[in-house]
Every structure is written in C-alpha cells, then in structure tokens.
Amino acid sequence: SQTIHQWPATLVQPVGSPLSLECTVEGTSNPNLYWYRQAAGRGLQLLFYSVGIGQISSEVPQNLSASRPQDRQFILSSKKLLLSDSGFYLCAWRPPSRGDEKLFFGSGTQLSVL
Amino acid sequence: AQKITQTQPGMFVQEKEAVTLDCTYDTSDPSYGLFWYKQPSSGEMIFLIYQGSYDQQNATEGRYSLNFQKARKSANLVISASQLGDSAMYFCAMREPYTGTASKLTFGTGTRLQVTL
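These protein sequences, in sequence, are chains X and G. Heads up, this note's numbering is the position in the first sequence plus 1, with the first residue counted as 1. Heads up, this note's numbering is the position in the second sequence plus 1468, with the first residue counted as 1.
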C-alpha cells in the first residue's frame, strides 16, 4: 500500500535561517506531488506541484522553492525565512492517472518562524 | 477563476444528530470534481467523499453523503448520526480544470464542527 512520510513534525526557526522540509512517498511510481501551506485558522494554499523529477510548478511567488531530486521525493526549501513563512505545511500526492482525483496528505509540519 | 465558499466558520451538533456543512463553488468549466476533507486536531487531512460533475447520483460513503445541487452550484456535506470523533475542521475542495499538467485542488476556508453530548 502507498504511504507518505513528511518530516519534521514541528520546527522552530529564527528569521533569516534556511529551511528544508522533506516528503517521500512509498508504494507508487511517478506520483504527482504537492506542497500546500495552511495559515492559522485558514484554508490550504497550493504552493508548488510536480509531475515528475526536476519538474516544478510554482503557484505563488514567494520566499520558498521546491525541488524533486527523485521520483518519490519532494523538498520544500528557503534560503532565508521570513516571519510570514510561519504556518502548517502539508505534502500531498496522487496517482498520475487522470481517473483518480483525490489527494493523499502527509501528517504536516508546523513551522514557527521567530 | 475557481472559487470555493464555506460560509459557516463553526457549527455545533448534538451526538447522534445529523448535520449539514455548506459549500458553494464557482466555475465555468463543465468538468470538475468536488471533495470533502476532514482535518482533526492532529493536522492530517483525511479524504471523506468525492463527487464528479457528471455523476448522476449524490455520492455516499458510510455516514457521509454529498448533497450535490448542480444548478445552485452547491455541494453540501451531510454527516448522519454524529459522533464525538467527528469534531474537526471540514474543508470543501474543487479540482481545477485540467491544463495538461497535474490536477490541482482549490480549498475553501473550512468549517469547524463541534459534536456535543
């Protein structure tokens, strides 16, 4: 069966420090991968998505970047964090076939930038 | 542009009662999909139910059903026989039109449901 792993679960970082959040999927090949951010008490905002290795699409211009160095690995990064980067970050995947619509989410990372 | 609206920031329901969570959407694409997700306090997003725009019947999954009214552009979630474990945030989402790349979901702002004894 397929599983998605996301870490770390919580992270407290000072302003100006770098960031690296990692997400891996097991039990599937060539998944579509997504990074969402959820501000406190708000809905989910799509940040990046990827349909294959090295293929990254950005939805919102910002201080963050994403990379997909391997088929089932998706990394969210920043060189210098801002206070506004605080939030709950969720990685998600779905099969590449068009018929299966739903996203499967990881357990999330709570990022606090101080 | 796609838009999902959830007008109820919070709802209360007594245990064993039914509750309806509202969701309206706006799209000009004839082909779309609608989803409901549950987010408990742990933070994970749990898929509940899906309705395709061409589906003739309302979707059902156990105690969850989706009241799909296409002309009104609404996709309300009905939870029957509420349980204490149903207390959570509930998000409505819509698949954006296919553009040849990944399928993307747009989420509403959510409704916090509290089930009481």
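No lab work stands behind these hints: they were computed from the structure. Misleading hints may appear alongside valid ones.
With beta-carbon atoms standing in for the labels, derived distance ranges [what the hints assert, rightly or not]:
(1) X:Pro-15 / G:Gln-1524: 52 to 58 Å
(2) X:Pro-19 / G:Tyr-1522: 45 to 51 Å
(3) X:Ala-10 / G:Gly-1520: 32 to 38 Å
(4) G:Ala-1549 / X:Gln-3: 29 to 35 Å
(5) X:Val-16 / G:Gln-1524: 52 to 58 Å
(6) X:Arg-43 / G:Val-1546: 21 to 27 Å
(7) X:Leu-115 / G:Gln-1524: 49 to 55 Å
(8) X:Gln-46 / G:Thr-1584: 30 to 36 Å
(9) G:Glu-1529 / X:Gln-14: 36 to 42 Å
(10) X:Gln-71 / G:Phe-1515: 24 to 30 Å
(11) G:Met-1479 / X:Ala-41: 34 to 40 Å
Keep in mind that this is a model prediction, so the values were computed, not measured. Virtual Cβ for every residue (Gly too), placed ideally from N, Cα, C.
Verification of the hints:
1. Remark: the range hint 52 to 58 Å for X:Pro-15 to G:Gln-1524 is upheld by a beta-carbon distance near 55 Å.
2. For X:Pro-19 and G:Tyr-1522, the Cβ-Cβ distance of about 46 Å falls inside the hinted range of 45 to 51 Å, so the restraint holds.
3. Roughly 34 Å separates the CB atoms of X:Ala-10 and G:Gly-1520, a value that falls within the hinted 32 to 38 Å.
4. Checked against the given bound of 29 to 35 Å, the beta carbons of G:Ala-1549 and X:Gln-3, roughly 30 Å apart, stay inside it.
5. Hint check: X:Val-16 to G:Gln-1524, Cβ distance near 53 Å, so the stated range 52 to 58 Å holds.
6. Checked against the hint of 21 to 27 Å, the pair X:Arg-43 and G:Val-1546 passes, with Cβ atoms roughly 25 Å apart.
7. Under the hint 49 to 55 Å, the C-beta atoms of X:Leu-115 and G:Gln-1524, about 53 Å apart, fit the expected range.
8. Taking 30 to 36 Å as the suggested C-beta distance range, the pair X:Gln-46 and G:Thr-1584 conforms, at roughly 31 Å.
9. A C-beta distance of roughly 39 Å is found between G:Glu-1529 and X:Gln-14, which places it inside the suggested range of 36 to 42 Å.
10. Our hint of 24 to 30 Å for X:Gln-71 and G:Phe-1515 holds, since their Cβ atoms are close to 25 Å apart.
11. A hinted range of 34 to 40 Å for the beta carbons of G:Met-1479 and X:Ala-41 is inconsistent with their spacing of about 20 Å.
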